[in-house]
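Starting from the given sequences, assemble the full structure and let the hints guide the process.
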Amino acid sequence: MSASAENQGMAQWVGMSPERVGGRERVTGAQRYTGDIRLPGALHVKLAHLNCGHARILNVDASQALRLKGVVAVLTADDLPKPMPRFGPVYNDRPVIADDEVKYFGEPVAAVAAEDEDTALEAVKLLRIEYEELPGVYTIDEALRPGAPLVQHPSIRAADDPFRQSNILNEWCFGWGDVDQAQADMVIENVYRFPLVTHFPIENLAYQAAPEKDGVSVWSSIQHPYVLQRAIVTALNLPASKVRIIAPDPGGGFGGKGYPKYEPLLAFLALKTGRPVRLALTLEETFQAIRRAASQIRLRSGFTADGRLVFQDIEANYQLGAYADIGSRVVSKGSYVAAGPYHAPNVRIVGRAVLTHTTPSTAFRGFGIPQLSWALESQMDAAARQLGLDRLEIRLRNIPAKGETVIPGDKPVDGDWRMLLQRAANAIGWGQPLGKNHGRGLAIGMKNSASASASFAIARLLQDGSLLILSSTSDMGQGARTVFSQLAADELGIPLDRISIVMGDTALAPFDASTSASRSSVFMGNAIISACRQIKTQLRQMAAEAYDMAEDCIRLQEGKVICGERAVAYDRLIRDYYGAVRGEVIAVGTARGKYLPNHPLGGQAAFWEVAAVGCEVEVDEETGEITIHKLVTVTDIGKALNPRQAEAQDEGAAIMGLGHTLMEHLILDEAGRIQNLGALDYRIPTIKDIPLEMETILQENGDGPGPYGSKGAGESGILAVSPAVGSAIREAIGVTIHDLPLTPEKVWLALQEKRAGENSFARPLTDPKSYVE
Amino acid sequence: MEKNLIPISITVNGRRVELEVQPQHTLLKVLQNQLDLIGSKECCGEGECGACTILANGRAINSCLVLAVEADGWEIVTIEGLAEDERLDPLQEAFLKAGAVQCGYCIPGMVMSAKYLLMKNPHPSEDEVRQGLAGNLCRCAGYNRIIAAVQLAASEKEAA
Ligand code: FES
Ligand code: FES
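Residue numbers (numbering that gives the first Met the number 0), protein chains in the order written: chain A, 0 to 772; chain B, 0 to 159.
Just so you know, nobody snuck in bad clues.
Under the rule of at most 30 Å between Cα atoms (straight-line distance), these lysine-lysine pairs were calculated in the DSS-like manner:
id, chain 1, residue 1, chain 2, residue 2
1, A, K687, B, K119
2, B, K96, A, K629
3, A, K535, A, K593
4, A, K687, B, K96
What the hints contain is simulated information worked out from the structure, not anything from laboratory work.
What follows is the structure in structure tokens.
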């Protein structure tokens with residue numbers, strides 16, 4: 000992969016924070032998101048679902064619904080090819096519509112298309128759906144119990160899959176050294192839980208589809224248009240060239256809009272009715288469609304008396320939903336780095352993806368890492384307490400230096416991680432006196448970034464010397480268009496306002512693996528730089544021919560082609576080279592993380608995404624309420640291409656982290672129904688919940704593989720918020736809680752139990768050397 | 000679905016419009032679907048997120064909570080009505096300058112709530128901004144830049 004730009008140091012735009020491209024449309028309300036697009040003659044679609052998590056569908060009688068004026072079609076499993084078309088990013092396990100069984104609360108059983116939304120809604124009520132409720136598994140424990148009802152029918156699993164008779168989708172084992180032989184002075188074991196949480200982008204999921212002459216067009220607020228294209232190709236059995244995906248800028252994604260869900264259903268409906276169809280989910284339906292994996296992590300850690308890690312023995316069970324989505328990858332990628340940013344000589348990791356009769360879980364900012372770092376970093380604190388060490392000190396003793404190994408066989412440490420921790424500690428006044436009920440916490444999180452994946456970008460220098468970049472990255476709030484414009488402007492010396500970035504249309508922009516894993520600035524950024532450089536090469540060649548000069552006498556500077564004494568503008572050169580009818584200069588740039596079939600994840604991490612978090616909190620002893628006085632994130636970004644946008648990403652990620660730390664959790668009842676659907680009952684941080692003070696530090700050591708030495712960021716801020724807050728609470732009031740979220744009720748209860756002298760979170764010691772908190 | 004259409008007359012962004020609306024439709028739906036004013040956004044549909052905030056008779060309201068028929072005779076300003084012939088409202092400028100805009104989906108509602116706040120209180124303290132925008136959710140931001148934007152707009156007004 001190409002690294003720093005050749006004109007580094009001369010950058011006019013890189014490192015600056017120009018106004019966000021698309022900002023004006025967003026502050027004036029002109030921005031059209033997927034649901035704002037009006038396709039003439041579109042039918043409105045509503046989905047029917049059952050009031051339980053698991054059931055057998057006996058019969059769907061649509062006769063009354065079809066008699067309602069304005070109803071055009073009702074689609075059920077019976078209207079689809081047999082066997083039911085299935086799709087998914089890793090496994091083709093997800094049916095286009097519930098097939099025989101409903102496997103999660105909210106899974107669509109039927110879809111009604113009508114002339115208007117009210118009619119569609121009324122028709123859904125007229126459907127007569129007979130079903131038999133079945134026992135379901137709604138938690139990890141229930142799913143793993145012997146004889147538990149199976150979520151996935153063994154027939155859709157590989158014949159040699161050892162887990163096909165269980166709810167384990169797959170099990171990942173990683174490790175090195177020998178945990179069983181390792182000699183530790185102190186062993187500590189705990190179980191940490193992370194709740195079911197949902198993405199809650201402010202734009203709900205929305206889809207449209209329209210029949211085309213011999214194919215279909217699909218609009219979706221999707222992060223990865225080419226992953227969606229593949230799903231439509233699979234489900235509808237069409238050539239990719241006949242499937243056009245239009246992906247308007249999402250109104251927030253966070254992973255929840257990464258992978259296809261109801262798009263194939265809409266595509267079938269468009270073909271069935273011969274008309275455009277639109278489906279805008281409500282917030283409640285969006286909750287039912289997608290979420291993050293919950294987790295239960297058992298961690299047994301061995302240390303020397305002076306606080307050096309001897310071993311980590313990790314069992315991480317993740318709660319997936321009814322279909323795999325990208326869940327298995329969340330588990331494999333997450334558990335692969337389960338030992339964290341530390342030098343642990345002996346490591347054993349078992350990561351399990353456990354299927355349950357619940358909403359499918361998917362990517363969510365940080366992938367599987369916030370779950371793990373909650374466990375891992377809380378455990379470091381527990382060890383520090385047992386050993387009488389400072390919490391910063393124990394971390395520094397175990398953090399590898401740049402160039403050292405963190406995971407054998409993978410990319411060596413590519414940043415100064417100790418510096419991250421030290422800067423976070425300094426920023427919160429580590430070690431200084433604290434007020435009553437105040438405490439400080441510190442944590443670090445590490446995520447493996449994108450590995451094997453490819454990005455393509457097309458650069459077109461148009462006949463008037465302005466520039467078009469075609470890229471399938473999604474600008475979902477991170478500001479990709481702005482950064483790409485900055486990169487191109489500096490490469491070619493073209494003013495920002497003469498550059499357009501075209502995204503979100505597979506008929507125009509070439510393949511990109513995904514807008515995820517904090518990969519876009521690095522992968523797509525490098526692809527764009529590569530395309531721009533090829534344009535420069537072509538310009539030199541064109542000038543040499545047009546002006547009859549040696550190519551090496553020609554250079555490019557400030558948007559001009561310098562040929563000896565002459566400075567020729569791009570449009571002039573295009574005219575002089577092609578003649579009066581003109582032409583353009585076009586190039587394709589690519590960036591690729593190498594595919595390594597024998598690597599457990601298919602390839603090495605392009606970079607490690609690492610951030611430290613520090614905070615100071617105050618706990619109200621009467622109510623259990625937590626006030627965050629200060630929150631600091633320090634991210635190892637390599638180079639901030641657009642510092643303001645990078646900071647905004649980190650801040651947003653940190654606040655999102657406060658959500659799952661302090662308040663967010665989906666509550667299921669015994670029938671697998673989500674009890675707190677919607678904004679009233681599921682709380683996310685509001686402007687009143689943010690810390691009294693926030694500081695965002697970007698560590699720029701220029702040591703990344705992206706343009707100008709950058710690394711990806713955007714997820715970093717969320718990785719280690721929870722353990723930092725948990726640690727601060729412990730210091731403030733002396734209670735340790737192992738299950739997120741740290742709601743006032745839980746904190747208050749823990750405090751009462753501590754006062755009563757029996758902390759229910761403690762269990763008796765079995766082995767004199769081992770401590771269980 | 001044809002129900003009994005009810006005629007209403009509202010003033011939207013300074014323009015009087017006569018409409019026939021369905022009794023069950025919210026003002027938000029009518030703005031979006033009958034007037035193609037898509038700037039006001041729907042997220043929760045129950046008054047909890049503020050994405051649909053507009054000014055009605057000089058007060059900020061959630062347009063998802065009002066039926067269009069109730070709005071008969073009202074004077075309404077939506078996000079589309081803030082800029083005057085291409086010239087952005089100082090608040091809109093401040094949101095851009097402060098880097099408070101990310102995906103943008105919450106921004107129209109956020110700006111309208113902020114507009115109302117500044118109408119009532121031209122120089123809000125940080126705490127007052129937090130109170131004033133407590134009903135507007137943003138999932139992208141740390142909110143700190145939104146606070147900065149509102150205070151920037153307030154201070155620029157003073158300078159002007
Ligand atoms: S959509 Fe009106 S408050 Fe949420
Ligand atoms: S900017 Fe995305 S929700 Fe606020």
